[in-house]
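Peer 1: Assemble the whole structure, with the sequences as input and the hints as a guide.
So the sequence lines, in the order shown, correspond to chains G and E. Per the working numbering, the first sequence starts with residue 0, numbered consecutively. Per the working numbering, the second sequence starts with residue 220, numbered consecutively.
Just so you know, the hints here were simulated from the structure itself, not pulled from any lab data. Predicted, not measured: the structure shown is a model, and the values here were computed from it. A hint or two may mislead.
A few chain E residues that don't get close to chain G, going by computed Cβ distances all over 12 Å [as the list claims (entries may be wrong)]:
1) 300
2) 354
3) 476
Between beta-carbon pairs, the in silico distance windows are [unchecked claim]:
4) G:68 to E:307: 14 to 20 Å
5) E:319 to G:115: 53 to 59 Å
6) E:496 to G:125: 35 to 41 Å
7) G:70 to E:311: 23 to 29 Å
8) G:112 to E:369: 36 to 42 Å
9) G:205 to E:303: 48 to 54 Å
10) E:223 to G:125: 41 to 47 Å
11) E:430 to G:130: 44 to 50 Å
12) G:125 to E:493: 44 to 50 Å
Using N, Cα and C, we set each Cβ at its ideal position, and we do this for glycine too.
This is what each chain is made of:
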Amino acid sequence: MSELVISNLHSYYGKSHILNGINLSVKSGEIVTLLGRNGAGKTTTLKTIVGIVKAQQGEVVLDNENLEGKEIFEIARRGISLVPEHRGIFGILSVEENLKIAINKNSPWSLDDIYDMFPRLKERRKNGGNALSGGEQQMLAIARALVNDPRILLLDEPTEGLAPVIVDEIVRILHQIRSAGVGVLLVEQNLSVCEKLADMHYIIELGEIVYQGTQAEFSNQNEIKNRYLAV
Amino acid sequence: MNLYLFQALNGIGLGMIYFLISVGLTIIFGLLNFVNFAHGAFYLLGAYLSYTAVVVTGNYWVALIIAPIMIALIAWVCERTLIKRVYHLPHTYQILVTLGVALIIQELCVSIWGPIGKHISPPDSLKGVFQLGDFFYPQYRLFVIGFAAVVAILVWLLLDKTKFGALVRAGSEDAETVSLLGTHTHRLFSITFALGVGLAGLAGVLAAPIRGIHPFVGPEILGIAFVVVVIGGMGSFTGALVGGLLVGLVQSLMTTIWPQGASLMIYGAMAFVILLRPYGLFGRA
Ligand SMILES: Nc1ncnc2c1ncn2[C@@H]1O[C@H](COP(=O)(O)OP(=O)(O)O)[C@@H](O)[C@H]1O
Ligand SMILES: [Mg+2]
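Peer 2: See the structure below:
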């Protein structure tokens with residue numbers, strides 16, 4: 000069992016105060032969404048958790064260990080994996096090399112497991128990362144996080160710009176990941192995807208959590224959805 | 220005809236030396252986005268260390284192994300204490316700092332080994348000439364070509380076939396994402412810097428019995444390495460190999476045809492390549 004707990008997180012870009020006291024938590028085997036309009040601070044929250052952005056105040060705690068001051072790679076080695084919005088696939092590496100540089104022997108997913116889960120990646124394993132379609136890149140980014148032995152997986156808009164069949168595929172994969180006991184923090188604009196998957200929802204607005212509720216509570220909160228999520 | 224064959228072989232040998240110098244420069248630039256103006260000075264120091272190793276042990280082979288390793292160690296210490304502090308600064312600061320390192324190394328060499336050059340002989344087993352029909356060629360120079368080729372293959376295998384190499388290539392594309400996968404990128408940087416500089420030291424050792432050791436050769440070597448890297452393309456292994464051989468061959472053949480123009484021609488070749496392919500023969504935009 001793992002638990003990521005974020006309390007009173009404050010982050011800045013230069014002088015602009017972006018996160019204004021974020022609180023949330025994610026446990027093993029749970030999918031939690033972080034919703035909110037563009038510019039609300041979702042990506043910044045994920046970047047602060049993994050150490051790309053240094054928090055000015057507040058705590059990120061994984062299994063009772065405070066991650067303050069840890070380097071990006073140290074946080075990653077503790078089992079927090081970020082699949083970034085830009086996916087971060089290395090174009091000059093082959094698909095297989097993209098996976099191999101991330102392999103952690105302790106991961107429940109071996110390279111073979113990954114190829115069973117993503118047959119498309121197996122077909123394309125000798126291709127360069129830059130030859131992949133957007134959907135394939137997203138699959139590879141998720142696959143790469145899985146071989147890295149994640150305890151908590153952070154996904155930044157994984158279905159953005161993808162065709163509906165591929166979105167369904169990703170929903171299926173996320174179910175599998177949850178069943179394997181990984182905790183997932185999902186940033187997503189596609190509300191129907193979120194409602195299909197999540198156990199818990201948080202809404203962020205101007206760097207503050209303005210709503211939190213379970214899927215059962217959230218599903219009929221049309222007023223909340225209109226106020227914070229309508230474009 | 221034999222003269223041209225002789226010069227072509229000289230050019231290949233010289234080209235392999237240039238490759239060894241440039242490959243480190245280009246990989247360090249690719250991965251760390253760092254301009255190392257001390258690269259030529261480390262070549263120089265490698266040559267002098269091999270001189271001392273030969274004087275002390277009387278054995279060239281010991282020098283060939285020990286001197287490059289010492290250069291890599293010195294480079295590693297230098298990276299840990301100084302270089303890593305300027306990665307995030309603009310290139311102008313990196314140039315100033317490494318130029319400072321280069322001058323310190325050069326002046327240290329002058330004060331330790333004196334302002335007049337030194338010479339070391341090839342090992343006894345390679346002092347003879349190789350003969351094929353009426354063609355003669357020094358054995359040591361053939362050895363340099365063969366040895367550098369083996370090193371080139373090893374470096375290629377390291378970069379292309381190992382996890383370390385994949386990490387270096389990945390890091391040259393996006394170092395932050397590499398650390399997100401749990402890799403200690405600072406350590407990757409230090410090792411790559413030490414390896415790249417160690418290869419320049421190795422080039423200095425290999426070239427010493429052919430060209431002698433002159434304390435002020437660093438800037439010239441650095442200049443040629445930059446020409447090679449610009450021709451081959453920043454960050455490219457293949458570019459360093461092809462660029463190094465091209466520059467070596469042009470320089471060597473020109474000394475027969477038009478000696479005064481030899482240096483001019485390599486800069487001409489560079490200008491020509493830049494006009495046709497601004498990112499070099501194997502460079503990425
Ligand atoms: N690198 C940056 N430098 C300065 N401001 C930034 C940077 N990245 C994001 N911001 C600002 O921070 C705010 C939150 O951005 P972000 O976390 O990317 O939002 P979201 O992911 O919710 O769309 C926005 O106002 C955005 O303009
Ligand atoms: Mg975002």
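Peer 1: For every hint, state whether the structure bears it out.
Peer 2: Consistency of the hints with the structure:
1. For residue 300 of chain E, the shortest C-beta to C-beta distance to chain G comes to about 19 Å, beyond the 12 Å cut-off, and the non-interface label holds.
2. Non-interface call for residue 354 of chain E relative to chain G: holds, since the shortest CB-CB distance, roughly 43 Å, exceeds 12 Å.
3. With 12 Å as the threshold on Cβ separation, the claim that residue 476 of chain E sits away from chain G holds: the shortest Cβ distance comes to roughly 39 Å.
4. Look at residue 68 of chain G against residue 307 of chain E: about 18 Å separates their beta carbons, and that is inside 14 to 20 Å.
5. A hinted range of 53 to 59 Å for the beta carbons of residue 319 of chain E and residue 115 of chain G is consistent with their spacing of about 56 Å.
6. Separation of residue 496 of chain E from residue 125 of chain G is about 27 Å and departs from the stated range, judged on CB atoms against 35 to 41 Å.
7. Between residue 70 of chain G and residue 311 of chain E the Cβ separation comes to about 28 Å, which falls inside the hinted range of 23 to 29 Å.
8. Remark: the range hint 36 to 42 Å for residue 112 of chain G to residue 369 of chain E is upheld by a beta-carbon distance near 39 Å.
9. Distance hint check: the CB atoms of residue 205 of chain G and residue 303 of chain E are about 38 Å apart, inconsistent with the given range 48 to 54 Å.
10. Here the CB-CB span from residue 223 of chain E to residue 125 of chain G is close to 43 Å, well matched to the stated 41 to 47 Å.
11. Under the hint 44 to 50 Å, the C-beta atoms of residue 430 of chain E and residue 130 of chain G, about 45 Å apart, fit the expected range.
12. Distance hint for residue 125 of chain G and residue 493 of chain E: a CB-CB separation of about 33 Å, inconsistent with the stated range 44 to 50 Å.
Consistency with the previously given hints fails for numbers 6, 9, 12, ordered from lowest to highest.
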